[in-house]
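Chains as they are written, first to last, in our numbering: chain W, 1 to 405; chain S, 406 to 810.
Wrong hints could be hidden among the right ones.
Ranges of calculated distance between the beta carbons of each label pair, as one might list FRET restraints [to be verified]:
| no. | chain 1 | residue 1 | chain 2 | residue 2 | range |
| --- | --- | --- | --- | --- | --- |
| 1 | S | 436 | W | 225 | 35 to 41 Å |
| 2 | W | 16 | S | 597 | 35 to 41 Å |
| 3 | S | 560 | W | 76 | 42 to 48 Å |
| 4 | S | 771 | W | 227 | 42 to 48 Å |
Hint data in this document are derived by calculation from the structure and do not stem from the laboratory. Keep in mind the model is a prediction, meaning the values are calculated, not measured. Ideal Cβ positions, reconstructed from N, Cα and C, are used throughout, including at glycine.
There are 2 protein chains.
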Amino acid sequence: MTTNKSALNVSSRAENVIASPIRKFLPMVLAAEKRGIKVFKVNVGDSDIAVPEIFLKTVKKYNDKNIKYAPSSGVIEHMQAWIKYYKNFNIELKPENIIPTVGCAEAILFAILAVTDPGDEVMIFEPFYPSYKGLAAICNIKLVPITLHVENGFALPNKEEIAKKITNKTKALVVINPNNPTGSILNEKEIAVINQIAKEHNLFILADETYREIVFDKKPTSFLQFPEVRDNVIALDSVSKKFSCPGARIGSIASFNPEIMKSVLKIAMIRLSAPTLEQFGMIPLLSNATKYTKKITAEYKKRRDIVCSFLQKMPGVVCSKPDGALYVIAKLPVSNSEKFVEFLLNDFNYKNETVQITPVEDFYFTSGLGKNEIRIAYVLNQKDLKKAMVLLEKGLESYLSVNKN
Amino acid sequence: MTTNKSALNVSSRAENVIASPIRKFLPMVLAAEKRGIKVFKVNVGDSDIAVPEIFLKTVKKYNDKNIKYAPSSGVIEHMQAWIKYYKNFNIELKPENIIPTVGCAEAILFAILAVTDPGDEVMIFEPFYPSYKGLAAICNIKLVPITLHVENGFALPNKEEIAKKITNKTKALVVINPNNPTGSILNEKEIAVINQIAKEHNLFILADETYREIVFDKKPTSFLQFPEVRDNVIALDSVSKKFSCPGARIGSIASFNPEIMKSVLKIAMIRLSAPTLEQFGMIPLLSNATKYTKKITAEYKKRRDIVCSFLQKMPGVVCSKPDGALYVIAKLPVSNSEKFVEFLLNDFNYKNETVQITPVEDFYFTSGLGKNEIRIAYVLNQKDLKKAMVLLEKGLESYLSVNKN
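Just chain W, with the same shape it has in the complex (with noise of 0.2 Å):
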């Protein structure tokens, strides 16, 4: 017996986790909020858009007695639904390619577990969803960023630069597409050249797809299409966005890899099994989601519009058009985004009202970078959403009069 005399301490892996850089300024704006001040919020992906009523119809219709365990591998019809929302990409799935999780966090998190052993290397370009660098921490992986810029529309790097990165450790690529937080979409080369990266290094691709229908000009699409990589995607997918519901938690892994889905399976039992109410709830949407998700898509569209017109015309910012998702990536004439953000929230208002943006620091894993960005999500009705950058816009004139920089 050696008897353990160290202190109760918590583990690395959980000390090597982030406080959500979108959640961390919640104490300030609670206490703007006491000063009477109105906080317009577009930090966070929490849209004000309504899930469409046939959800919680569809919920209120549940008339079991019993709220038994959905089976680990989704409630059948939920499972078939999705089967069906799959087809309108042309993807054939059958039941065991797919698995309902809650949410895509857990779909990521599975795809992580079942490609990964703890010190393995996984590729993503930055900037990057940052619940990301805490999965990396909990598994116990290291993330390899491959970096992408404002200026040029956060386009890829080519072939060989994205290879240069690659390890005898390197087990998977991560591509979120359309992108949180840059709102770029790939285009056919961009895609071309992930694929080839994934068949000659045999990486899996990790596609994380929670954005896939609101794109703004081009079709909707998955890497579940491309046959060459078929053994190599891995696609992750949210109810959440699509359908505006994020509460709902559902979301699902879907790959043609039977080796993967097996083990996926397997790690799904081990939590039992999503939501029994929301996989009843998501069936009729899943089942004919065009009808909902074109509506979704226009009004994000209309939005994304007025958000890059008041960019556009705002002195020393920089910002790319986005093609999909619901944000915006702007290069501020500041020399600390934080700084700007704590200062919106403690020192400024314009006739009791202030904006809420995210810094986009923590969204980048290479340190240094992203210091002078923004994130907006475009989360409100369309008058609130001029408001709070009309705000946006007298906060960052405020700031620059005081901050010389």
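We have chain W; now place chain S onto it with these hints.
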């Protein structure tokens, strides 16, 4: 650049996850049903007891047009309902001491991630709920089993025997109380031993108290009640069994250790939130818990008595009358209970009926143990449960008449 020329392989940690021993016989059950045989299922803790009506009534009253993310720390009113619930046990939690989770499974995952790094050890009494094996595999930790025995009612060994297993890698001791699968509950002396060990060796106590209220002759307790291990205890809970609604996927993780809860909150942020509708639906149940749990526990007690009265008169069968939860383990006069389960599903019927039970071997970590044991979950109404027990009796007779072991 090093080219990764290996094939597209599943990770080792995923390979190490075993399929659920409770769910793996499903194909045989479906085949039996196809042959017209009615299968009485006492294999899984998915009870026929209805959820209290107030749950679905409350969900159906939800009238927000949005299904927004809940806070990662939980819907405020839901978290307050948990705090009120814990006051029943004289446990005074503050909001920062508790976070709602997606079932107890997520609470266990968060606790393991918060206290262990890969290679660390966690002690656990065997037999135990098999999801812990899967969680250990995906979290890359080593489970160190301490074997208990049906013959003495699964009593814990003395302090020295337990402490022998501690190494400088040991971070925690898992205690499932009341226990799944044994149905045993810890007595005061056993609790004192665990608390002393945790205190002396600086170990966390992961107290899985999913079945807290389902105790037949004693008062429900929690490890959170003991001030001497205030910093050591992490309580893992679920509404699944106490309110008979496993498909709601709501649990919680609670601790007075501020560093642990800070880490757990950061981990919780990665997955955003537990489902919104069920958090609302659970508020009235958690706020007035005893009213509902008393009724449910009274029903399980009657069922426990039925199951035990059958088992006790079956020749060669050894069982320990459970004091809680909804399971009993029986040692059968067979050499391989998995083969017996297969016999019941594939080769046996009595008037076109048979019974599904669970072999216990996979609930042990030490290889070779539990081969002649089964678990019965008393999840059927009393009439059906009696039928299931008659079928088990007849099935065992029939099996023994053709298998001389």
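Now the hints, each set against the structure:
Range check, residue 436/S to residue 225/W: about 36 Å between beta-carbon atoms, so the 35 to 41 Å window is met. Between residue 16/W and residue 597/S the Cβ separation comes to about 36 Å, which falls inside the hinted range of 35 to 41 Å. At about 43 Å, the beta-carbon gap between residue 560/S and residue 76/W stays in the expected band of 42 to 48 Å. Evaluation of the 42 to 48 Å hint for residue 771/S and residue 227/W yields a pass: the beta carbon distance comes to about 47 Å.
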